[in-house]
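A.B. asks: Kindly generate the complete structure, drawing on both the sequences and the hints.
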Amino acid sequence: RRGVRLALGSAAAVVGGGVGLGCYVASSDWLSASASLFSLGGGVVRAETAPPAELARTDEDASAVSRSVDDDVGKFSWRLLGSLLLPDLHLLLAAVVASVAAALLNVQIPVGISQVVDSVMRLQGADWDQLKTVMGPALRLLGVYAAQSGVTFAYISLLGCVGENLAARLRRRLMATLLTQDVAFFDRHRSAELLSRLSGDVQDFKSAFKSAVSQGLRNATQTVGSLGYLVAMSPRLSAFFLLYIPLVVAVGLGLGSMLRALSKRAAAQQAAANAVAHEALTQMRSVKAFGMEAEELRLYEGQVEEAAALARRLALGIGLFQALSNLAVNGVVLTVLCGGGVCIGRGELTAGELTAYLVGVQTAMRSAANLSPLFGHAIKGATAGGRVFRLLDSRPCIEIDRGRPGLLTELAAPVSAGQDLVRLENVRFAYPGRPDAVVLDGVSLTVPSGCVVAVCGRSGAGKSTVTQLLTRFYDPTDGRVLLAGRDLRSYDPGWVRDRLVGLIPQEPALFCATIRENIRYGRPEATDAEVEAAARLAQAHKFIKAFPRGYDTHVGERGLAVSGGQKQRIAIARALLKDPKLLILDEATSALDSESERLVQAALQQAMQGRTVIVIAHRLSTIESADYVVVMGNGRVLEASALAIFRV
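Numbering (our numbering), first residue to last: 1 to 648.
Don't read these hints as lab results, they were simulated from the structure. These numbers come from a predicted model, not from an experiment. Among these hints, one or two may not hold up.
[Said to hold, decoys possible] Just the calculated beta-carbon pair ranges, DEER-fashion:
{"hint": "1", "residue 1": "Glu301", "residue 2": "Leu334", "range": "46 to 54 angstroms"}
{"hint": "2", "residue 1": "Ala277", "residue 2": "Arg140", "range": "53 to 61 angstroms"}
{"hint": "3", "residue 1": "Leu334", "residue 2": "Lys264", "range": "34 to 42 angstroms"}
Note that beta-carbon positions come from the ideal geometry of N, C-alpha and C, so glycine has one too.
C.D. replies: Here you go:
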């Protein structure tokens with residue numbers, strides 16, 4: 001009877017987490033074991049804010065976006081993963097060995113607990129000789145604890161290093177791949193999608209990799225080892241335990257699946273609410289201009305209330321699931337205690353063995369339950385990795401080869417005035433995303449060196465598309481674009497953009513940096529004096545110096561800290577800094593007010609001196625200074641001036 005009472009007391013200490021012989025694991029571990037059963041059904045879906053382009057204002061739009069993202073799945077590549085892990089292979093192997101060692105040591109802990117408990121029960125007094133019989137098992141158990149802590153530190157830290165190195169290597173390689181893609185690639189892929197691959201997918205892949213290596217190996221080893229230990233200790237108790245677990249798992253799968261479906265609905269609804277808020281906040285000027293603050297608030301409140309209602313239902317379901325899980329786990333504990341007490345009374349178990357058995361049951365249940373979410377994490381990580389690997393396998397149609405021999409010296413000497421610098425011969429073109437919509441249909445024209453050519457026409461006539469071909473953002477579907485008599489496709493596109501063409505678009509893109517850094521973007525090795533010289537040429541030096549910090553003034557996100565005219569002149573300075581032979585102005589003043597247009601036009605007149613310039617325009621003030629005018633319509637050249645120097 002004394003043995004039974006001590007065994008039950010020791011076992012209760014294990015379950016309750018009290019400080020004593022059975023305090024191997026606190027009661028929170030029992031709770032975590034039962035809570036992790038929830039993951040059998042997939043767990044809760046987090047309601048995160050999607051990237052801006054992924055947000056949708058309605059549930060239907062959100063579902064469409066979700067389907068498009070889910071369909072964008074690539075094939076997982078073990079070969080590529082191996083190449084990424086190769087530099088850290090020694091660290092990975094060490095982490096695997098440490099993880100398995102930690103699991104094996106965990107399995108040994110119940111044995112040590114059993115020896116300590118049995119030694120305590122044999123005590124007949126408090127003299128030193130009898131206490132020494134307890135000290136030996138206690139010190140051995142302490143040694144196991146210390147060793148287990150040491151290898152746990154080793155595998156977590158080593159695997160952390162491997163995972164972070166893997167993520168950094170993958171992000172660098174992905175970013176390098178994206179930067180080498182042609183413009184057509186970015187027509188097919190949204191920027192939000194690519195950012196999601198670069199950040200979210202890499203993070204998911206890294207987390208899944210670390211979980212699979214550390215938790216997968218450790219929990220699988222602990223589960224198998226603990227079950228073997230339990231069967232060897234008491235086959236009778238183990239038979240009940242092994243029959244009871246499948247029932248608990250089946251119930252967990254059913255309830256967990258129901259909660260996961262509800263969780264998905266709650267997450268989708270929260271995303272819809274986030275979409276409404278995002279759209280209102282990013283379009284605040286329009287909201288205020290039309291006095292729609294109250295309407296936006298009403299719409300947002302409706303979405304939030306619906307999300308909250310779903311979240312409340314989800315919370316009730318999780319609470320019910322947790323209560324049932326705790327009841328099931330505690331039922332196992334109670335049954336083992338009662339059955340173990342009977343076995344002690346029959347002399348089949350000692351008090352220490354019962355305590356060790358309870359610890360083993362706890363370890364097996366916790367380890368098995370922790371394995372279940374790993375399957376979901378592994379699938380999620382492999383899917384995320386497949387999407388990233390698909391992008392890594394992308395190859396541009398227009399490849400940049402800055403090391404291509406002979407081309408950097410091409411056109412080193414300026415083409416003499418009157419010679420043809422650029423020629424389009426019967427060019428046909430349709431954008432890759434719309435192959436049936438012909439944008440240029442048999443366009444032929446010639447641009448003499450040193451001339452200013454204005455290309456005008458209605459919207460959709462194909463004017464800006466001509467500039468896309470001249471910068472080799474795209475290649476013609478048919479026909480040829482010639483540069484100094486040579487097919488533009490024979491030149492390295494990187495050299496064409498670095499050394500030949502300077503493009504000033506209608507909406508220039510400034511980076512969130514200083515004015516100096518934005519201008520120097522055109523030629524990173526330029527000196528401060530060269531940067532200021534380009535700014536003077538672009539009529540920008542005066543207003544830049546008027547800022548308190550001058551050239552070190554930050555322009556803000558997308559250049560919002562400067563006016564439209566100032567932004568355009570900074571862009572002109574950036575283009576002029578690399579001294580392009582061909583300057584392309586794609587409606588560079590169409591979005592400006594009259595005063596800003598006058599200032600920018602003055603800067604352009606200065607910039608066009610001594611250069612070959614193609615001006616895409618529809619305002620008379622822009623084309624009146626041109627040497628030649630080409631009129632386009634419906635993808636064709638309709639008319640050309642100046643004695644047909646542009647041969648149509």
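A.B. asks: Determine which of the earlier numbered hints do not hold for this structure and return their numbers in increasing order.
C.D. replies: Hints that this structure does not satisfy do not exist here, as all of them hold.
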